[in-house]
Amino acid sequence: MALNVRNEQALHSARIHPSPWMIVWVAIRSHKGALVGAGVFAFIILAVTIGPILYTVDPQVPDVSIRNLSPSLAHPFGTDNLGRDMLAQVLSGGRIAIAVGFTAMVLSLVVGTAVGVLAGYFKWLDGPLMRLTDLFLALPLLPLLLVIIMLFRDTLRAAFGPEMGIFFLIVFVIGITSWMQTARIVRGETLAVKEREFVLAATSVGTSGMRIVFRHILPNILSPVMVSATLGIANAIITESTLSFLGLGFPPDFPTWGRLLFDGANFISITPVRVLWPGLAISLTVLSINYIGDALRDAVDPRVRNE
Amino acid sequence: MKNFLGCVFLAVIGLVLAACSQSPAISETDAQTHGNGATDTETVEDLDTHLNILYWQEPSTLNPFLSGGTKDIEAASMILEPLANYDENAKMVPTLAVEIPSQENGGINDDYTSITWKLRPDVVWSDGTPFTADDVVFTWQYCTHEEFGCSVSNYFTDVESVTAVDPHTVRIVFTRTTPHPYGPFVGSLVPIIQKEQFKDCLGLRAQECTEQNFGPIGTGPFKVKEFRANDVVHYVANESYREEGKPFFRTATIKAGGDATSAARAVLETGEFDYAWNLQVEPEILDNMTKAGKGRILFGFGSLVERIIVNLTNADSSLGPDRRSQYLDGTNPHPFLSELAVRKALSLAIDRSVLVETGYGDGGRPTCNVVVLPEEYYSDANEECKTQDIEGAKKLLDDAGWVPGRDGIREKDGIRLSILYQTSTNSVRQGNQAFIKQMWDQIGVETELRNIDGSVFFGGDAASPDTYYKFFADVQMYTSNFDGEDPTQYLRGWRCSEMPNPDKSWVGSNIPRACSEEYDNLVEKLSMVADREERIEIVKTLNDMVVQNYWEIPLVHRARVSAATNSLMGVELNGWDSELWNVENWHR
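Listed in order, the protein sequences are those of chains V and W. The first sequence begins at 11 in the numbering used here and counts up by one. The second sequence begins at 96 in the numbering used here and counts up by one.
Extracted from the complex, chain W is given alone in its bound form (with noise of 0.2 Å):
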């Protein structure tokens, strides 16, 4: 409390100071505040091959399986690699085989309940020991193994066996019929692990290996030289990587810490790092930073949805620990947001754009749908909503029965239509709040805006009432997306059973707490059908059922927002996977 009220005075004098000698001051003093973290590294290191990263949430252990956290996850796809992984595009490319196996190249059977991957022969691992099938099959008994809680262990719960056919040929045989067979070992969430190196760190003893956990050898381009968890990780090229000269940096480093403005300084103002990520600041901000002309900010397009979340349950406080928030098969409704003209005039009153301007810049678009790419699972069918239309939700509610009172806040039967809208803290989305409050005041709804510390709110605590799971509040705001291009999984979260009850810890993935029957049955078929046509149209039907329905309102298209120098080429920024993933490529 001290040190702020020291900070509070300390700007005021700052500001006078500013006001004689234009705003450098400031800047310069924040400089010096970043440099001091980062000369250890810069004076023992030849800034021409060394890449400087700059990750402000901390990587905490360099082994995926123990952690759900981007950063982490991040942090350890420099070092391991899947056999493909997502390019920008969402296209799947071949890392550690040889081809994307397909029915037309015999790598996935007929009836689509086994897939086979060629792996590459050349492949070493750091230690310089080869790479085999049989490190692929042991990553997948690590994983499952009963009594480890592995973070990706939903990519495995189809898989039957995976076997070594040879010594560079796997197979992967399902449970039943999966026309998406891709989900293990695609992408940076699941990468493959040395055998030879974890074999004695299975199950319980996962948490154990420390030595194992914060130094994996792998077969990417870099090896861990240094590992303190929640600070920095120092890199050095990996000598047995398979492409002949690569990567061009001969070392790296992640240093953590900050908070996301400081990150983009970082990089854009200052330019003591090469590369920063996860940057929600707001636009203007950005822009300010990058007329510096240090860097430029980088956008990837992914999955990532900023939507309002409806529930359709009673929420209200009054309501025991047994009652709130729960479906409890349908007798427990929201008092007026179980009806589908509210739940429509609410996402007629938002002008998206809006949004988009003041939140998210370049980095937004404003979107109608919950599942926007791949582009071809794109629907049509609710482009009307990027209009707004106060006088059409007006309309709604007048013929809906509810009324403006004396107040001028609409009500029924004694029922009034005010909101409790929560997110987590995060300037920008206190932004896009504040404006939805006004706009929805315009239609005679009261909103009570309330934010809660994302650490708690994404937190997943069961006993916290502040988490997004237990949703004691009318509406809540937050991104959603899914991994990889293909949908299914993520589609199949707005199932009746995948609500959030106290039965199962209050996690779940309804949770609007939706339920249809007719929904359910269609994303069943989708799990069973495998012709791509077809399948294309299941998902945009699904979609249009959840936005038409209104049990999510769609937002905003967001970009991962990245920030990088200018001398730094070779980053393709990828909104399906690791943001390194092609970190082999870039040189300055």
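If we strip away everything but chain V, and leave its shape as in the complex, we get (with noise of 0.2 Å):
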């Protein structure tokens, strides 16, 4: 992405103060995409943040007297088959589902880094972690997460109650069972980066290895890292809901954004919007995230900021 010529200023006084968050400003400032995505994902943070505090209303009381209903001023996004309110459960739903959307995501990319970086550059390396991660990708997720729920599931219960128990951990196993495809991504780019010249000059003056790599590999293979992260995010959400589906997830009458979905998709023909609220802040969070991951791409890789 081209910057013109007044975000080719900015940028310039930014590379004489050369902080990274101006730089990523910058970046958004100057990717149309990225402004409305900042803007939008801002909003749903924000709503999903403070909105239960402005919004009272209980997201799990049931009232047989209000189901099915449309959106009215009274329940802004209609009511559920039981008479729950969709709006308080959106809102409350987005909670989780960013929290763990955000902490998965941190998870997977960390481990998947590590390890792609690692097994990429130290040529030593490379056969037993690629390994691992083939290790990992042949194991059939739906045993494991049973014998891992079955394993731990009271014990955290026990010591974190039985929301902030599951979190930990489905943060864990989709963390755990996510970081796969990144290491191979990250491996391959590593390969590539480490031949070029660059790196070969920082190692003929004698540059250590963990700085070649932070300094010179990482933000050149950080494309697809980031790209990695954005649909990590959207991975994160909707395996939850699938758990949650499996009945190893949250608790059933604990909304989260992937369930109200699944909820709603039998009760489309009488309330279509029950599945358009939670798929239009599922998409709208994905889309944000990936429109952000974009300009932060841009403004990042040397690649492209060279151009």
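Among the hints, a few may not be true.
[To be verified] Here are a few chain V residues that face chain W, going by a calculated C-beta distance under 8 Å:
id: 1; residue: P72
id: 2; residue: N78
id: 3; residue: A168
id: 4; residue: E205
id: 5; residue: I280
Note that these hints are calculated values from the structure, not bench results. Being a predicted model, the structure only gives us computed values, none of them experimental. For glycine and all other residues, C-beta sits at the position ideal for the given N, C-alpha and C.
Take each chain as given, in its own frame, and dock them per the hints.
Written out as structure tokens, the structure is:
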């Protein structure tokens, strides 16, 4: 993405005082999609953090007298088939979806990038680490989940309560089962980048391996990592909903976006808005993160920045 | 995962489209997906003489003795027949027998230790060979072979011998007095198989006889043309069927796959199937689908009762596997559910009509009994539970010393009324859970909900902590019923000896882990008494003991719910036997 003149100047000044946040801000400002994405994302974050404080309807309390309502003033998003308010459910579901999505994404990204870079850069680690990746890829997800849940659910439930316990469990499970793709991509990119002249030059002046990784390799492979990250959030939100659906996730009366979507699907002909809201929320979150990721890549990827 | 992500986007796009062009846009797409599955049969078969049935759970075999699954038993019931079936009012009607034996017609001896069935002389198997008493004797030998895990072996536990008196007379002798000797060979669970076809499939070889198990020769209205396990069964009419001109349909298909909602849609909205089975879907969804005018919903009330089972033993996760949810001669009682007042308060707080309205509609009725049908067994002693009584429940708890703590949850001696409530994953059940949680909240009882995938929950895997047998929770909810019209076997399930425990691989029918000597003695008496009036009184008393001790809290008397297309006639939805029990009478 080419930067316009005004931004070029701003970037120039940013280069003089190279603050990473400045780079990000400039990049987002110069990228229309990212600007909109950032706005939407900020709105969603704001809505799910302070929304439930302002809109105090309890999302878990059913009321048989207000079932299957279309949106109205009293219930702006309508109600579900048990008479629970949809707005309250979407707001509180968003908290958990975004928390799970981010935490699991960060976990899988850290593990995936670490494994990928180490395997790509240090030849002697390549074999063992990639076989480990294959091993994880070959693990059947569902039986693994059943075993993990069986072993740790009651322990975690006793230690942190039913909701936090399950939160840790789900984040861990999603993170630990979704880092492999990132690792493979990062390894491939690392292999390509480490043969480039500037790495050779850095090596020739005696730069340490760690410094080369952080200074030269990581910034150059940031674009696939960013893409993985944004997809990872979406993936985590969806995986959480699948787990809830199988009864391995949060308690059934605990709204999450994925569960709202699943539950609403059968009612699509009666109250179509029921799937619209969580569907829209998931789509908007994923899309806006994608756009931000896109802009971020433009800003940090040296190949694009130098064009 | 990626597919699902795609679905999310498609759903949003679809909705935008729907907003522009009304909702049919969505149902049309669905219709196409279903249509693809059915085209191969529809192009070949003439629609007027072809019957299209949709069973969303997949039949995996056509030998009912190998599987306890309803889907398999019903798919086989179009081919194999028992000596007698139950009709929609739980009355026995002779199928392969001439009449129902009784003491009046001399079919049952004076001390109820043997029953003699007269077989119809005009019945032939679909391969043309005659059906004789030898086939009945063989079926008994087949199922009771010691190396074979027959799914209905419990029907034969008291059977001493089955003998062919002459080619068309069979006598069954029991080891003890059996006032209700109609267990063996009555109902679709225990049909007759052909001796000639299965004679090499005894014992361990039963599983290997794929050809026989996938294509049994029967006396029923249809025979198998093609069977693809977990996919589709093609049937053609049995030309040798004993009733002239029947079945009215010349060919039939049972197609499998999908879920309850899509099955209902395929009959009610798009009309590409004639009949769909087991539609536990929210009533408003079904109502909405019937507006399309293509089909109707059928209800068949039998003995199904949705209930909450109360764990009378301690299920605390801090207990080791050798103590958790085990009776241990009464030394391991539940910290608060062992108190009658608490169990009663939980029942009083529930408004059963709300559960029916939101989850079952016309397919359910509030109930306070575990034996609800046949009508003569219905006890009138428990009707007051049908009205919710929050104040009464609160008073009960107050009187028992359970007082609200700082957070509103009642406690006594440091024990909080906090309940873990589990059930299988099913949107109707999760809806009911949400309501019950709220109702219990009103009386100061805290509830944590848990849902478990049905295949795990009902699976009976002794290694899984999440089965309903293990019951590692305080209360759980599911439906239970009994086969046929006699509840004796069902009521025997609450005997002390029937509790699941590790020594029995966690199998057993006394799920609440209740133990009462009085109950055990009365059940024993029931198996001895032959007088009908007295039996009815005992059944009522036993029912009252179960529900007045609140071992189980009955909620909803459920019907079987199926859907039939408008042009399909002759369907009598039966809550007591296979839904396809009278398929020979179905017509357009």
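Now the hints, each set against the structure:
no. : hint : result
1   : P72  : holds (5 Å)
2   : N78  : holds (6 Å)
3   : A168 : holds (6 Å)
4   : E205 : violated (32 Å)
5   : I280 : holds (5 Å)
In the structure shown, a violation is registered for the earlier hint numbered 4 alone.
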